[in-house]
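Colleague: Heads up: the sequence lines are chains Y and D, in that order. Reminder that position 90 of the first sequence reads as 90 in my numbering, one-by-one numbering, no gaps. Reminder that position 96 of the second sequence reads as 96 in my numbering, one-by-one numbering, no gaps.
Keep in mind that the hints are not guaranteed to be accurate.
What the hints assert, rightly or not - Mimicking DSBU-like on lysine-lysine, the simulated pairs with C-alpha atoms at most 35 Å apart in a straight line are:
id	chain 1	residue 1	chain 2	residue 2
1	Y	Lys109	D	Lys538
2	Y	Lys140	D	Lys548
3	D	Lys548	Y	Lys182
No wet-lab data here; the hints were simulated from the structure.
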Amino acid sequence: MLKVYLVEDDPLVSQHVRDALDEAPGIRCVGHANRLGIARVELPQCRPDVLLSDLGLPDGDGTELIGELSHAPAIDGVWHPHILVFSVFGDEARVIQAIEAGADGYFLKGCTADELVRAVEQAARGESPISPAIARHLLKRFRDEGFTDSSFRDSGFVDSDGGATGVMDIEAPSKRDHEVSKREHEVLRLVAQGYVGEEIAERLLTTPRAVAIAVRNVYRKLQLGQRARATEQAHARPGWA
Amino acid sequence: MGLRRLAAAALLALAAGLGACSSVAPGEAVELRAARLIEAGAEREIALPDAWESGAPGRSGSVRYRLDLPDAALRAPQSAVFVPRVGNAYRIAINGQLLLAVGPSAPRDGELPLLLPLPQALLQAAANRLEIEVSGESRREAGLSPVWVGPLTELSARHAALSRNQVFGAWVVSSAATVMGALALLLAWRTRRSLYACFGAASLLWAWRVSGMQLGGADGAWAAIGTVIFHASYAWFALLMTLYALAAVGRDSLLARRLLVAWAVIALLLSAGAWTFSAPLLRTLVLAGTLLNVLWLLIVLASAAWRERTPAALMLGAVAAIAVAVGARDFWVFRVLGDYGALTWSRYTILLLLAVLAWLLVDEFTRSTTALRALNADLQERVAQKERELQGVFDGRREHEREQAVLAERDRILREMHDGLGGRLVAAMALTSQVERQSLPPPGGAPRSVDEPLRDLKLTLDDCLVELRLALDSLETDQRPLIEALAELRFRVEPSLRAAGVRLVWQVDDAASEVELPAAETLHVLRIVREALTNVIKHAQATVVWLKLESAGEQGLLLSVVDNGLQQRTSDEQETMPLFVPATLVHGGRGLANMQRRAAALSARLESGPHAEGWAVTLQLSARPAA
Chain Y
1 MLKVYLVEDD PLVSQHVRDA LDEAPGIRCV GHANRLGIAR VELPQCRPDV LLSDLGLPDG
61 DGTELIGELS HAPAIDGVWH PHILVFSVFG DEARVIQAIE AGADGYFLKG CTADELVRAV
121 EQAARGESPI SPAIARHLLK RFRDEGFTDS SFRDSGFVDS DGGATGVMDI EAPSKRDHEV
181 SKREHEVLRL VAQGYVGEEI AERLLTTPRA VAIAVRNVYR KLQLGQRARA TEQAHARPGW
241 A
Chain D
1 MGLRRLAAAA LLALAAGLGA CSSVAPGEAV ELRAARLIEA GAEREIALPD AWESGAPGRS
61 GSVRYRLDLP DAALRAPQSA VFVPRVGNAY RIAINGQLLL AVGPSAPRDG ELPLLLPLPQ
121 ALLQAAANRL EIEVSGESRR EAGLSPVWVG PLTELSARHA ALSRNQVFGA WVVSSAATVM
181 GALALLLAWR TRRSLYACFG AASLLWAWRV SGMQLGGADG AWAAIGTVIF HASYAWFALL
241 MTLYALAAVG RDSLLARRLL VAWAVIALLL SAGAWTFSAP LLRTLVLAGT LLNVLWLLIV
301 LASAAWRERT PAALMLGAVA AIAVAVGARD FWVFRVLGDY GALTWSRYTI LLLLAVLAWL
361 LVDEFTRSTT ALRALNADLQ ERVAQKEREL QGVFDGRREH EREQAVLAER DRILREMHDG
421 LGGRLVAAMA LTSQVERQSL PPPGGAPRSV DEPLRDLKLT LDDCLVELRL ALDSLETDQR
481 PLIEALAELR FRVEPSLRAA GVRLVWQVDD AASEVELPAA ETLHVLRIVR EALTNVIKHA
541 QATVVWLKLE SAGEQGLLLS VVDNGLQQRT SDEQETMPLF VPATLVHGGR GLANMQRRAA
601 ALSARLESGP HAEGWAVTLQ LSARPAA
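Between the sequences and the hints, there should be enough to build the whole structure, so can you do that?
Modeller: Here's what the structure looks like:
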């Protein structure tokens, strides 16, 4: 049974989401908060598998909560929720901020119950939803930060035999762990051009799961890059270390 | 004439006195101011200097001057005779022995001072007699100055001093006047100002006069013309300088010029007359007239200097005053006293004039340079001012253009919002009314199902979000490839397609993936595609829809939405639709019309119609220059 926790201040939306989740087999909504403060108290007790969070809340930005959860040591060494953020119509800059803070993806407010359930199940499996707009922003971002084609690591998945390689990639990040591999870059490019997971897998001669994991790796690298920058800034300031 | 006789008497008295003095000062050089003139056998006492022009204007031929040398003057080991001026040709003998013969080949040689050492062998113990035979022509200033006799050493010094004055002074004046005259003529030629021409001509004339160069040979008509012009040149020089000075102080007038030209002609005629009739008085008249000319100039300059106090008037006035004084002295010495051996002072006044001209030229140059610099600065300032104004105008225009562009963009967005989002919201409201109507049971019947209107309502509201998103995307400033805009559209509509059981197959040509369109055109393409996809959902009962983007020729694009619905669609269907049905829900009629309108805005060709498996909408975008 998948446990889901919802942080959303709009009663209509939260009702819709709760109904959709409770109707789905194997998913249960274990809690709901309309304030960040409440969520902070309840989350360690509920320990959901998936956290759905709005970004604009009356007592702060959802990104703060996501950052706190991602940077805190995992409770009892195991609990760490998969996090999805709501977006009305893809304000990509905010979504990417949330991903940097530790979110695993986003879904659109107002999507159908089926779509929502699909997104939650995907997130629980460790896949990360992505949209062409997000992919485009990420490509632009990596380009602006000085990544050139030649600096993309020529690694990532090498064969299409299941997701084993991808899982290895997650568990053993290389030293240059916040640089995007050539393959991940290619995946982003195809997403930006409108291809969906299956089509990308077909084009790159791999599996849809490997493609999903590539996307998730990109998100992880985004988070690691953000943390590296934060550390650098901390070191740069005297008295911090 | 009485005046001249009086002067001659005074000179005689002076010479007698000096002669008396010389006898009591042994061993020193003495100046002999008296001689016996032997002419045509007759012998008479005469005072030196003896200028033929005043004493015997008509004389032409030879006379002999006999001078008794005082014994005291000849006691030095080496004695000599020094004659400051003698001419035109002469022969000198001591005690009957010829010592020197000069001329008459070079008539003006006599103008040079002569130093003649006396051989001791020819000297007697006492009563030595010097005889100077002078050959001269009338009208050519023959004569004899006082004669010096004494020790060679002392007379050498006198001779050197006089030579320096006569030769070196003439040379300096002549060269300076030549240089400045040439310079002034050059200036006149370049600036086209006649006052410099006057100055230049006067200077060159004076240079010629002072140098003593002959116009032609010593004899004949050329000699006569040379002498006449030489005599007239004094007056001409003065009147040319007068013209210059008047112009320099702004007192130039036509009358003055005419008077001066008339005077030039009169002076020439008088000089010619003096030659022709051997009448020195006419020459004296020329010189007196010249003196009056300069005196009048002095008055004019003085008045100008008094009123205006300009440097030019002050300096020229001072020079004129000096010239008048010097001219009067020369006139007195040469014309009244008839002093044959005297030195001219007028010759040197030109040096003052040259200095004044130089100063005035430098002053004018400095002034015009300063004025030019001020003018340049003023011009630069004005140009800068104009540039600033122009910049302001450009800025204003740019600002205006920017405002126009912003206004146009706002209009476009408003239109898009009105046509797109507004239209969808109206449709949504129509649908809610329909739901309301259908949920009310009709009289005597059961309530109808509201599932279909609700599904439509949801689709329409979804459309609203898509519309809003499209409108916001079109605000993006950087262009992006068309394919990326289509990708986002797919992301939006794919859930609806999936819900309707339609699979979307994405087929993009690699070459077409780079094509970029302006934001407004991208929006048209997106709307056309969305219209086509909505039609597939609503009416096609298809299972697959292909979206193909292919490049067609240079920059051309072919976009097609093809389904496998296998249903012939007609526009009759709209009769089954409720009132206020949104445009997108009518696949033919207005829906197609909308697509055609947008295609026309893109200058693209749109075709919509059945094909083997279902329905095909193709959009042919013509080639366009890369943005």
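Colleague: Taking only the CA atoms, is the gap from Lys140 of chain Y to Lys548 of chain D under or equal to 35 Å?
Modeller: Holds, at roughly 26 Å.
Colleague: Quickly compare the C-alpha distance for Lys109 of chain Y and Lys538 of chain D to 35 Å and report which way the hint goes.
Modeller: holds, 24 Å
Colleague: Is the hinted pair Lys548 of chain D and Lys182 of chain Y satisfied, with a Cα-Cα distance of at most 35 Å?
Modeller: Holds: Lys548 of chain D and Lys182 of chain Y sit about 27 Å apart, inside 35 Å.
The structure agrees with every numbered hint stated previously.
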